[in-house]
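Spelled out from the first residue to the last, the chains are:
Protein chains: 2
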Amino acid sequence: MFELLLSDIESKARLGRLTTAHGLIETPAFVPVGTQGSVKAVSPRELHELNAQIILGNTYHLFVRPGRDVIRHFGGLHQFMNWDGPILTDSGGYQIFSLAKLRKITDDGVHFQNHLDGTPTFISPEIAMEIQAALGSDIAMVLDECPPWPCEHDYAAQSAEMTTRWAKRCKDWKERNAERSTFNVQRPTGESINCQPSTIDSLLFGIVQGATFDDLRKQSAQGIVELGFDGYAIGGVSVGEPEEEMMRAVESAEPFLPADKPRYAMGLGTPPQLLEMIARGMDMFDCVLPTRLARNGTAFSATGTLNLKNAEFARDKRPVEEKCVCPACREFSRGYIRHLIKAEEILGLRLISLHNLHFYLNLMNRARAEIKQGTFDQFRKTFVAEYKTRDATTVE
Amino acid sequence: MFELLLSDIESKARLGRLTTAHGLIETPAFVPVGTQGSVKAVSPRELHELNAQIILGNTYHLFVRPGRDVIRHFGGLHQFMNWDGPILTDSGGYQIFSLAKLRKITDDGVHFQNHLDGTPTFISPEIAMEIQAALGSDIAMVLDECPPWPCEHDYAAQSAEMTTRWAKRCKDWKERNAERSTFNVQRPTGESINCQPSTIDSLLFGIVQGATFDDLRKQSAQGIVELGFDGYAIGGVSVGEPEEEMMRAVESAEPFLPADKPRYAMGLGTPPQLLEMIARGMDMFDCVLPTRLARNGTAFSATGTLNLKNAEFARDKRPVEEKCVCPACREFSRGYIRHLIKAEEILGLRLISLHNLHFYLNLMNRARAEIKQGTFDQFRKTFVAEYKTRDATTVE
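Sequence order for the protein chains is A and B. Each residue of the first sequence is one higher than the one before, counting from -4 in this note's numbering. Each residue of the second sequence is one higher than the one before, counting from -4 in this note's numbering.
None of these hints come from the bench; they were simulated from the model. Bear in mind the structure is a predicted one, so any value in this text is a computation, not a measurement. Among the hints, erroneous ones may be present.
Unchecked claim - Negatives, chain A to chain B, calculated, CB over 12 Å:
#: 1; residue: Asp225
#: 2; residue: Glu236
#: 3; residue: Glu340
#: 4; residue: Leu346
To be verified - Ranges of calculated distance between the beta carbons of each label pair, as one might list FRET restraints:
#: 5; chain 1: A; residue 1: Glu246; chain 2: B; residue 2: Arg310; range: 43 to 51 Å
#: 6; chain 1: B; residue 1: Leu222; chain 2: A; residue 2: Asn305; range: 44 to 52 Å
#: 7; chain 1: B; residue 1: Arg60; chain 2: A; residue 2: Thr298; range: 23 to 31 Å
Using N, Cα and C, we set each Cβ at its ideal position, and we do this for glycine too.
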């Protein structure tokens, strides 16, 4: 499933290749976020043109709307949204803990009311697996509890232990359902299988928790690795903690993750943070910043973010970023895009979304090339030094 | 400039070809509306893929934001928005009378406060021409007063007479500035000329007013035609009057328009209305319905509009319209688009906008083919009979 092609000498950066039912993913890889079955403002065709290798679908959001049965009716998320590349689905845990109301967590699972209409719902590790199987996920995630920041050591310890117990139940569910899925594989209707890869073909990643406590991160990593998964994610990071705490959480867990499996740092981050995470041995990243900041008129560049609403860009004939080959920079000026954003024209946020996604995807492309050349660590240092966060990089 | 290729025998429908500085337009033609320098939610590249022949830019909106000087700085609207096809600009009159505040109309021109920040502004026929020249319009419109509906005969008569006097001043301005423009044509910098065609290359259309009064429509048409323009528009229609009144306004003016010039029915309408207008001798149309209704989740089809928010479409695997070759129907289902609209995902309104624009452009394509074959009138009758307005076709 995963080949580790190269390990950097000066850092922990890795070059790898992950095989999924819908195609190969070269790592380090950025995973654009398609929360509700759409990477915001961008079409699947445009994602292909941007060379996106994989996208993420949010299990919680899709479960709440349009619902598991609707997506199953359409033959899975790939067919529903017309994306034929790999799809990673989160377990829904993060949104249950950040969006839903009236949560009640027990060892069985989570009772909550969804954020849209308050419908009382229950999700267990097994149900999270079932939903992801209905979506036809290529990479499924175990259900985890994502504790808030800050968080007491006791709570974080108990929570991480429960996450490990839930991870085991997810793995057990998958093993129990492998045979049933094999039956699906043998069905004569080739198309529907291609869209909802059988559970046996899909990968399952475990999630390391433990908040900002070194001992808990280590214990969690050891417990999860012992269960054995196709890949390992670091969860519970980028939830409001200082950047050093985030880096430490990854550094505490990483030594206990096997080298021959992909590592996924969930829900982050800024461009420098991604390079720092790669240097700490992480392979995959998902983040809403490229599309979320675009809707706010903020574009990424190698020297930091640009707020295109600023008056200084009104007569600027240059592209968002010089020499950028994205569809926005090839054809449009900063001045025009600024006008579109000021006038609340949708094309404005479309163009910045394309640029920002290209920026993130291209950064990973560059990182892979630098790892291959043995120059990654110098590249990272130079990039981080030249990158300035001139505007907000987090938006509510 | 305009060739009348064919006149229908059973109706007044015409097949024609209009030459502009940025390309040919086959008529009957639909002109997508790019109010603020962007056809809402659609890129110039997508407009080309939809075979849009020409688009409209709203002089008032672009004058208010980003302003004439900014667009002149970028070399005109073509370069600013990266659209290399023909652009028609309205005069700004309609928006001054529908959007601006504290209007004061005199024979000199109109004093008003713009709707964005209330800046006091004055636009005269000459200033309207200057702005359109700065935009680099291929087809400019004279400044007119668009009286409201309903409207007294006296007011409509005086207003139409003033519109004729303003039309003369617009024509005079163009003649005075033709020589200055010839100088521009001889400049060595080919590119900037291509983007702001010299005034001598741009076409100027007169506008017939006269509200819903037959005698005034006739007088206005005669007065405007006597001045001599490159084309003739029917203005002051589709402003709230019953459909029969709209048809009558066009029927009253049409016999007085020369056959060898294009006729443009401004700001309308539904698909059946467009065919009825073609049957009454009209050649060009602009309308916000395709993009405006799209943002409301409403799609056009040959049997009427579909409100894709309706629950009936949740599991519908069919495209918006069977056999449609637009980018939305080729790749996406009604069920998916419904989900996107319900979830307020921008891709949903993008896809319906593409479908609706394709529907309007393709309807004109079909009308041209039917006129060529001598079957237009039968086509019109069948289409109108089968088309049902199931949902609102006008949105505020």
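Comparing the hints with the structure gives:
| no. | hint | result |
| --- | --- | --- |
| 1 | Asp225 | 29 Å, holds |
| 2 | Glu236 | 30 Å, holds |
| 3 | Glu340 | 5 Å, violated |
| 4 | Leu346 | 8 Å, violated |
| 5 | A:Glu246 / B:Arg310: 43 to 51 Å | 48 Å, holds |
| 6 | B:Leu222 / A:Asn305: 44 to 52 Å | 46 Å, holds |
| 7 | B:Arg60 / A:Thr298: 23 to 31 Å | 29 Å, holds |
Consistency with the previously given hints fails for numbers 3 and 4, ordered from lowest to highest.
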